[in-house]
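Using the sequences and the accompanying hints, generate a full structural model.
If you want the building blocks of each chain, they are given just below.
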Amino acid sequence: MAEVKKRSVSFPRYAEYSCAFKYIVEQALGCRYVMPPALTKRTMELGTKYSPDFVCTPFKTILGSMIESLEAGADTLLMTHGLCRLGYYGELLEQILRDLGYQFDFINLSDYDMSKKKEYIRILRRFDPKVNYARFLVQFMEGLRMVEYVDEVTGEYYKNCGFDATDGQYKRAYQDFLTAMYTAQNRGDVEAGYRAVKRSLQSIPLDKPQRPLRVGIVGEFYTAMDAFSNLEVEQKLADMGVEIHRWMNVTNQFLRYGSGQKNLRVKIQDLSVYDMGPTSTANIWYARECAERGYDGLIHIKSAACTPEIDVMPVLQNISADYKIPVLYLTYDAQTSDVGLMTRLEAFYDMIDMRKKVL
Amino acid sequence: MEKEIIKIGLPRALLYYRYRVLWRTFFQELGMETVVSAPTDHAILERGTALAIDEACLSLKIYLGHVAALVGQCDYILVPRVSNFGRHRAMCTRFESTPDLARNVFRNSGQKFLSYEVDQEMQKTGEEDAFVEMGKSLGCTAKAARKAYKVAKKAELSHHKERVQRYEQQYKKDGMKVLIAAHSYVAEDPYMGRMVSDYLKKAGVIPVRADMVDREAALKRGRDLSPTCKWEISREILGGIAMHKEDVDGIILLSAFPCGPDAMVNELITRRVKGVPILNLVLDSQSGTAGVETRLESFIDIIRFQEGKL
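These protein sequence lines are chains A and B, in that order.
The first sequence begins at 20 in the working numbering and counts up by one.
The second sequence begins at 45 in the working numbering and counts up by one.
Some hints here could point you the wrong way.
Claimed, not checked - With a straight-line cut-off of 30 Å between C-alpha atoms, the simulated DSSO-like cross-links for lysine-lysine are: (1) Lys156(B) with Lys197(B); (2) Lys281(A) with Lys168(B); (3) Lys156(B) with Lys205(B); (4) Lys135(A) with Lys255(A); (5) Lys216(B) with Lys51(B); (6) Lys246(B) with Lys264(B); (7) Lys246(B) with Lys289(B); (8) Lys281(A) with Lys156(B); (9) Lys343(A) with Lys178(A); (10) Lys221(B) with Lys246(B); (11) Lys137(A) with Lys289(B); (12) Lys190(A) with Lys24(A); (13) Lys168(B) with Lys68(A); (14) Lys281(A) with Lys180(B); (15) Lys264(B) with Lys136(A); (16) Lys25(A) with Lys137(A); (17) Lys343(A) with Lys51(B); (18) Lys168(B) with Lys187(B); (19) Lys168(B) with Lys286(A); (20) Lys156(B) with Lys194(B); (21) Lys187(B) with Lys289(B); (22) Lys353(B) with Lys136(A); (23) Lys221(B) with Lys135(A); (24) Lys197(B) with Lys51(B); (25) Lys156(B) with Lys286(A); (26) Lys221(B) with Lys51(B); (27) Lys168(B) with Lys135(A); (28) Lys205(B) with Lys191(B); (29) Lys221(B) with Lys245(B); (30) Lys205(B) with Lys137(A); (31) Lys25(A) with Lys149(A); (32) Lys194(B) with Lys180(B); (33) Lys245(B) with Lys353(B); (34) Lys180(B) with Lys286(A); (35) Lys246(B) with Lys216(B).
Quick caveat, the hints were computed from the structure, so don't treat them as lab data.
Laid out in structure tokens, this is it:
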């Protein structure tokens, strides 16, 4: 009997999480994974060309990335649901791609009622009708563990990489770790990669002043975390000699807290009584947390036209006024340039550096 | 001793156009007074624009101008949080943020705000329970608040039904008819949609409204046009288009810059609705109407040309 053709699945590139998607698709779903090509200017040009004008920028990035995945040989595209406009991305992406003439299978999580457990089984069966649920669950949990490792190591990396006393060993250790995650075939590989990077990050000598400049990052779930989309703002600022702190990541937002961030809201009742949007509670809580810890500045990152994050800004302005903490507001659209960003970051750095010396 | 009557301020923007009857009746039933801000004018727009983040949508800018106009004029200003009525029945996230947004923008004004929260999906609170809670927070009994809500809801529904019937009559008239697909707060605001419908009437065209349809039927029909459309109002508009596109000569997708849901839904409509001319008109805060009028004029010409009347 002829073997059933395996699906070639792709999911839009998103920060460094593609390694975990790859692991889950290959190990847990038993499909082939088509890694979307690294995001480039071409990706953005493709995405912008075919997107409606004032949709938020991640839509354009994802559309471009999906076109490149299809060109790279994907036959099945997966798109997530979401609480903001993200929840409608899938249907419009599919329509635009089909109008362009691409042929593919589209698995859109917005088609399913994700509050019902049996819907998950329906989704899994689309990837593989004979899916082994027990095996899936085990491998899926390992994929999530990879997400946790990536988040933990990335956090540690941006906190310290600006103070590397060697000729770039710190960055190399982080990149070796990512390579290990992207090539991991089993749990042993994942654990070994994690142990190796933890050891090296701890042993590489750092040259850090006693009171380094500390900056907290808050913002939109896609742009604040995706280095390509935010033009590597974290690396750029870290390289000036700044500790970067970001709470927002998949681990904190989904794996630890899920949809119930009630305990985060306790401390911000005076600023926001309700959830103001999908990530507002976490962002407001963390912004105040950074301010109370005496950080030197905050950077708020969002894509152009991101409604929920625009609405968080008045609250951040109040935090800034109450705690005298400077906030740099960065909005990214498809045209945002490296040079323009650098100028703003340098000015921000000079300002917080001067304040620290004076205060 | 006589009890002071509580005065509730209703900003004439955003959800006011959808819920004015519900709100007014509810507070009246509870023996309270309502005060509504004056129709949008240039001063309100200017004031709202100064208070809002630059990138916010025109509708929010206008809204903040109306809130500012009510500050100090009433005991409470009503700013509800309406998140969703269930799955795929959400509002734009802006309706989740407005209460806290208003509190933060006006935090030094000393103004008190009143809110109710409708969030079926996450908090399991429907509209009725939300109104009862609000009534209790104003010192009424749960029983009185529930009764007031029931009366108010009935009034709202019959008011909407009447308006729908009036619009249904329009379809029977002779002459060119154009369907305006817009959120009610865009379509009915004097500084946004009203100038479009006024111009159309002046040009001898009958404007009809996509959202002036039976809401339940429209929600269902909307699903045929876009199965995963998650926004309640967009689904009603989609449903209205599906129900009436054969009865009109053209459709105007009217949107306030940069409306999040419209940016996506209107793109989908232009891709899926065929056989009828569609104009995608985005309004921003420019003060003149000449630009809009030129586009409407040429749209009417296109329709006439296609129908062989030009």
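| task | Mind listing which of the numbered hints don't hold for this structure, in increasing order? | result | Structure breaks hints 3, 4, 5, 6, 11, 12, 13, 17, 21, 22, 23, 26 and 30.
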